[in-house]
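Taking the numbering used here, I'd label the letters of the sequence shown as residues 22 to 449.
Hint data in this document are derived by calculation from the structure and do not stem from the laboratory.
Check before you lean on any hint, since a few could be wrong.
Stated by the list, open to error - Keeping only pairs whose Cα atoms sit at most 20 Å apart, straight-line, the calculated SDA-like set for lysine to any residue is: (1) K187 x Y106; (2) K155 x K303; (3) K158 x S107; (4) K292 x R246; (5) K278 x K187; (6) K449 x R407; (7) K289 x L302; (8) K178 x G212; (9) K446 x M386; (10) K303 x V288; (11) K110 x T160; (12) K78 x G212; (13) K104 x D205; (14) K78 x K292; (15) K446 x L129.
What the hints assert, rightly or not - Per label pair, the in silico range of CB-to-CB distance: (16) S275 x T357: 22 to 30 Å; (17) E402 x T354: 43 to 51 Å; (18) G81 x C416: 29 to 37 Å; (19) T357 x R40: 43 to 51 Å; (20) G332 x I298: 47 to 55 Å; (21) C416 x A323: 15 to 23 Å; (22) L368 x R40: 53 to 61 Å.
Positions of the beta carbon are idealized from the N, C-alpha and C atoms, including for glycine.
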Amino acid sequence: MNTPIHDFLQSYAEEKTVRCHMPGGKANSYDITEIEGADSLFESGGIIKSSETNAAKLYGAADTLFSCGGSTLSIQTMLALAKAYSPSKNRVVASRFCHKSLLTSCILLGLEVDWIYPDEYLSCRISPQSVKDKVNKDTLCVFAQSIDYYGGESDIKGISEVCASKNIPLLIDNAHGAYKVFTDDHPLFLGADMTADSAHKTLPCLTGGGYLHIGKNAPPFFAERAKETMSLFGSSSPSYLILDSLDLCNRHISDEKERAKWVFDEVKRLKSALAEIGYTLKESDPMRITIDANAYGYSGFALSEELRKRGITAEFSDIRYTVLLFSTAQPLTDFTRIFEAAKNITLLSSVPSVPVSLPESVFAMSPREAFFSLTEWVPVEKSVNRICADINTPCPPCVPLAAAGEVITAQTAEMLKLYGVKNIKVVK
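Generate coordinates for the entire structure from the input sequences, incorporating the hints supplied.
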């Protein structure tokens, strides 16, 4: 696949011209701004647009926009487009497992949220029936996640059918699923109107590189207004290093289908090998291994530390699980190293564990009203029955434990303490 951004940067670097232009750092010859011929991200019609068109073809999208602000920028843009498309509506039906960028977007846009609660705190699994039960005449859009931190997956096809029957746009946070361009179950293929894909999570791309995809069956309005809408939130000085990385990522997607399949197979083989030597694994998607550390006497944190001592750094750990996340560019030797490290950890007797679930909360104020209210900090144990004024999220996974506008219950306060939160901002 041609790489118009990379080719331009390479050609410009080879000219060795005197650079009397931004940026101030001159060490990286590919670090430029919108000089002549370099195109402009939010008014793209040259090399950036050509590369975005390549990405759209690869993903089967009506249009694709590059994001230098990860999935956060794409999520902000998706919600703003939905609001512009239906300005009289103001409510978002969303899974309570959501990235904090959903809530920060709602604060910026003045939107309100109707939660659907999954069984576990970090589970994205919501049913089409639960979506059907929540949507109503005031619903602006449905917002769901394709893959959660444990590797659980949503029924996107079923949810999309509900949304189509109600004529409501379906927006998917596919931050952890950009690699699904190599499979037959990318959310775009299953009926999503728009998706936010973090290329940098599972594809060979610099941190901050992402795709905003618009489906072929989505209202044309979304593609027509997408660039100007993204410019509301994105920097007017996007990183050309990230844009170059996205351009090269396109080539990886085009040329490395067999390599991606090999990684899927290696992850599957490693799961089987770990199970054979006594590890208990939670069901997960093809790009991650989620180990139930409690099943043999560790917390997820402790097991992650045991792996780190042996040269393996996990993506995520919590009270119960340790999560290993892979890339379609993962080196061959990594899988052997992981197995050897895991084999040398002494398995202990199991400890009792229960799923951690978020207690249901009610909104006393909109997220925007609460965030911009007069506030004060209080110890978590004194926050019960107060209105949360912030978004409290351990990161990773950046999923809110308490959301701005929600009334803090005794159960929520206990969960905040469980995750190490000592003080919380509340409305005065």
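These are the hints, each one checked on the structure:
no.	hint	verdict
1	K187 x Y106	holds, 15 Å
2	K155 x K303	violated, 29 Å
3	K158 x S107	holds, 11 Å
4	K292 x R246	violated, 44 Å
5	K278 x K187	violated, 36 Å
6	K449 x R407	holds, 9 Å
7	K289 x L302	holds, 12 Å
8	K178 x G212	holds, 6 Å
9	K446 x M386	holds, 14 Å
10	K303 x V288	holds, 14 Å
11	K110 x T160	holds, 6 Å
12	K78 x G212	holds, 17 Å
13	K104 x D205	violated, 30 Å
14	K78 x K292	violated, 33 Å
15	K446 x L129	holds, 19 Å
16	S275 x T357: 22 to 30 Å	holds, 29 Å
17	E402 x T354: 43 to 51 Å	holds, 49 Å
18	G81 x C416: 29 to 37 Å	holds, 32 Å
19	T357 x R40: 43 to 51 Å	holds, 45 Å
20	G332 x I298: 47 to 55 Å	violated, 18 Å
21	C416 x A323: 15 to 23 Å	holds, 20 Å
22	L368 x R40: 53 to 61 Å	holds, 58 Å
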